[in-house]
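Participant: The chain contents come next:
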Amino acid sequence: MTGHDVVFVLVGLLTAAAAILTVTSKNLVHAALFLATTLAGIAGVFLVLAADFLALVQLVVYVGAVAVLFLFGLMLTRAPIGREALDNQNRGLAIGVSGGLFVVLSALIVDAVVGGSLGDTTVAEVTGPGIEDIGMAIFAEWVLPFEVLSMLLLAALIGAIVLARREPGDSGEEAMATRIDFGDAPPTEGTDSLSSGSLPELTSGERREGGP
Amino acid sequence: MGWISITIALPLVGALVLAVAPELSARGVRAVGMGATVLTLLTSVALLTQFDLSEPGLQLLERFTWIPAIGADVALAVDGVSLLLILLTTLLTPLILFASWSSVTDRLRGYVAAFLVLEAAVIGVFASVDLLLFYVFFEFTLIPMYLIIGIWGGTLRRYAAVKFFLYTLLGGLLMLVAILYLFGQAGTFDYEAVRALELTITEQRWLFVAFALAFAVKVPLFPVHTWLPDAHTEAPTGGSVFLAGVLLKMGTFGLLRYALPIFPDATVEFAPWLLAISVVGILYGAVVALMQADIKRLIAYSSVSHMGFVVLGTFALNATATSASVIQMVNHGLSTGALFLLIGFLYERRHTRQIAAFGGLAKQVPVMAGLWLVVSMSSLALPGLNGFVGEFPILLGTFQENRTAGVLAAFGAVLAAVYLLWAYQRIFHGPLEGADNQNTVDLKPREIGVLTPIVVLIVAIGLYPQPMFDLVEPSVDRVLTEVGVSELEVEPAATTSEEG
Amino acid sequence: MPIDFIAIMPEIVLTVTALLVLAADLALRGDAKQLVNPLATFGTLIAIGFTVFLWGDERTTFGTMFVVDAYAVVFKLVFLVALLAILGISWRFFAEGRYFQGEYYFLLLTSFIGMVLMPSARDLLLLFVALETVSIPAFVMAGLRKRDLYSSEAALKFFIIGVLSVALMLFGMSMVYGFTGTTDLVGIAEAIRAGDADVPLLLGSVMLVIVGFGFKVSAVPFHFWAPDTYAGSPMPVAAMLAVASKAAGFAGLIAIAFVAFEPLAEVWAPVLGVIAILTMTLGNLIALQQRDLIRLLAYSSVAQAGYMLVPFGLARSGSDAIAVNDAAVQAVLFYLAAYAVMNIGAFGVAIAVNRRTGLRSIADYAGLSARSPLLALALTVFLLSLGGAPPTVGLWAKFAILEAITVDVTAFGVVLGSFVVINSVIAFFYYLKVVKTLWMDEAREGLPTLQPGFNLSAVVVVLMVGTVVLGVLPGLITDFTSITSVLATG
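Protein chains in written order, with my numbering: chain A, 1 to 212; chain B, 1001 to 1500; chain C, 2001 to 2490.
The reader is advised that the hints may include incorrect statements.
As the list claims (entries may be wrong) - Partner residues are not named here, just some residues of chain B that face chain C (Cβ under 7 Å, in silico): (1) V1045; (2) L1060; (3) R1063; (4) I1067; (5) P1068; (6) G1071; (7) E1139; (8) F1140; (9) L1156; (10) V1162; (11) L1166; (12) L1169; (13) Y1181.
Said to hold, decoys possible - Here are the simulated lysine-lysine pairs, BS3-like style, with alpha carbons at most 25 Å apart: (14) B/K1163 - C/K2433; (15) B/K1363 - B/K1444; (16) A/K26 - C/K2157.
Quick caveat, the hints were computed from the structure, so don't treat them as lab data. Bear in mind the structure is a predicted one, so any value in this text is a computation, not a measurement. We treat Cβ as the ideally placed atom computed from N, Cα and C, and that holds for glycine.
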């Protein structure tokens, strides 16, 4: 097992753990932060695999844009995010950690610029396709899937708006149409305001009995 | 278009008229139905005039391209056997419609249309000489019959209709698989080409079983007969008559036309088994018929018994018996059909079919009693009537080939006399008791008119059956030659096949 | 690298139509919004025109990624005609339900762009993108009835299962790429032939891809989303999912199985054969117990997927198996075309009965023959056709499958064939149950009169006539499907 493998395993474990926490976390903000960690971890995996361009794209698009958008969205919509007090009273520790990190990183950067007092650094050639090749591939050979994807994204966007938009009257009246309950569909009583409670029951009682 | 395709097309045209005509009185519907069926009868008689009796093979061939990708054609032709059965079909259908004149008023248009479609499909079954086309017609008969039983039938009609459908469907699908295998071997669905195939004995055994099972359900042979009593009992009168008169014949016809000549070696091998099954069916049907309290059910079980005779004759593989079994198909269609008509007329008057409810009716309804007696006698094979000229040679031929089977089957014929006469006695003789019995009115002229052609044929065939044998024998002989057991003449082809 | 625009004209037309629909929806107000339906129909007709124009042509563009041949054209026509029918049965449903009409038609068209791409795609990546384009709009469409919890349930189940299947498939595809070094389907086949094909990991990734498609075609044991999703979605969407989306899954599966993984057919064919047996048997057995017509149709469509998987179980590798594989692909193609006609028709009748009244229990169809003989007759024809009775196109669909089995009889083929036969009989049991209800039961009192509307009636009548005419003259389809052998020879 080379050091390369060790790093890969570590990054992988971190990513997987963050992914699990994303879906198990009760606090929406925490979940979003764990999601960001997961995405960053995937960027790390790409880096280990020497796909530097992909890693950067991953960081910029997912961590930089998508995850941050999530957080903005949570803040702006005032969605219920769980525990109101996000302040965990650990300011002192936070200052210590960030201060320490600042010192270490600054030292590394200074060292890299000034010259190798901290040890031997070797510069390795980056292998694999260059950015130029990737660009050519996407916009020449693979232009068809690329264009289809743009249509797909548009559809996803429209779809998201349709599902999210709340407009009384639209898509409303037909809602009672499938209130046919044979007993084999999950019960809807006692759910939220959208449930069948307010809708007339079209079935007669005898058809409720039994069920597979 | 030749005569055969016109014969198939005419009822369909009638059905189409009924389907699209906007407003049609009950009288108009009946006129369309009668017109189409009578015209069909005339064209089928025209077919008979075109037919060359000296030629044993298929005649009047018509061929249209159908599915070019797999080389299936609409190929129609008749031999003596199929022509006879087509005539039976075209004769019975107008009589059925005529008999239903007053009994069916609900959704009359659908009823007549269903019968017209059914008639066309059945003629198609008898006339097609392309295996795929045959299969399509064979299966298609299920749908109108299902609707006839299910919509216009008795109280348990739904159960009976579904049972009828599923039983016959399963058999049919097995046959489809076998047909596809034959197609794989022959590269065509053409009947003559498939018939010329040289199949190994293993292939023959499997395919024979698939075909025989499909037809056995239709006949129906013991032990796959259980759909028949329900279907017969619950069907409306017209449906019962058509079922007994024509649909069951598709099974025995299929055995003779397909199972025997295509799989000759397997036929010879399996013949004893089929003889045994037929004998069991004959005796079982007769014994169960004896115990029935419902007159319609009684006749239904008698059908099981009588159709057993037909299969017995077919698999006796003997020129006498096999020809007679074809005659017996027609006889059974006429006599059992007439019995179902009579039961229908009686039911219309009394709304019951329990034998115990009747008694002494002969004094009250002499015409009905007389006709009933004639038809019963025909069914139990009284010499001088048609049943005898069918059943006797069957027994004779079987006796020559397999003594035990012949003796046991003869016992079935005796039982037939018992249950038919006993039923007659319980219904028409004895004291005339109860207001219902005393108020039963005799047959109306229309009803007598329906029965007259059948009774005339019953007597005519009984007295002079020779024309029918002339029609049937060459075709039957060709089949038996293929199987290798013919004794009348030996065609060159027969020399290569071994004597069974 | 020049692009052959003629070859992708149907896709381009659909895209332009979709965008126009979106723009028109913005411009129109109120009741005028329903005019996007004729607009979409018009665009579909043009796309059909271009597709027909491509008939008989052999075109390849974008490298070897996109191929237009007889197989692709027949498939595209099936999709486009299905789209036309779905547009027909959608109009009133969406116009009266006051859904998001513009968005719905946009999403529908986008989904169909993915579908028409599918049979032409000869590259894993394009295949994947096409499949996603089919699925993602469908997720949204399933949830369009937002007030209805069933609809939300439908969308959520469909989404989660869909994403899971896509993830599995993508995982498999990336590993296949890792083993073969190409995403080109023909290239993959060559690489597998050249290399050591028995690497367990490669076989595993092939299975992952196939399982992914198994979800799409709702094969057992990946079927459980289908009934809930069909039952909860707006009914035209259910029709689209049951027919077009499933057909798209089969288009992809054919390409993957018979082109890319053809050298491994000995491995996946038995697996798919067993899945076929399970799918038809389980689908039919559960359908027996349904009392809701849509759920019955849903389970019946699961069973139908089983029939369509049977030819996959017959596949063989090697140059001497071309006849078998050709017959198998043609059987699937024919079955899909027939299935599209009859199943959309059945859903159309269900919409006609259900739209106003909300009734869809089978018991509510009692006496439909008296209330609307036309609809009752149509539903009867469609159900009998789904069962495979003559003289309907369904008979020939079953026939095509059995015929494929007899091309080269094997023991496994016989087993598959007997299961098809047994299941056909089981299926008739519940189809007849509905037919019986239509014709032989008395209607309940006080049911409103049915007003299916012109479009819906026209679609139903055309499909019914089509079912019967194709049943009498199946040559009208077989003439086309019988020459679609290009794919299998790969």
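Participant: Compare the structure with the hints numbered earlier in the document and write down the numbers of the violated ones, lowest to highest.
Facilitator: Going through the list in order, the structure violates hints 1, 2, 3, 6, 9 and respects the others.
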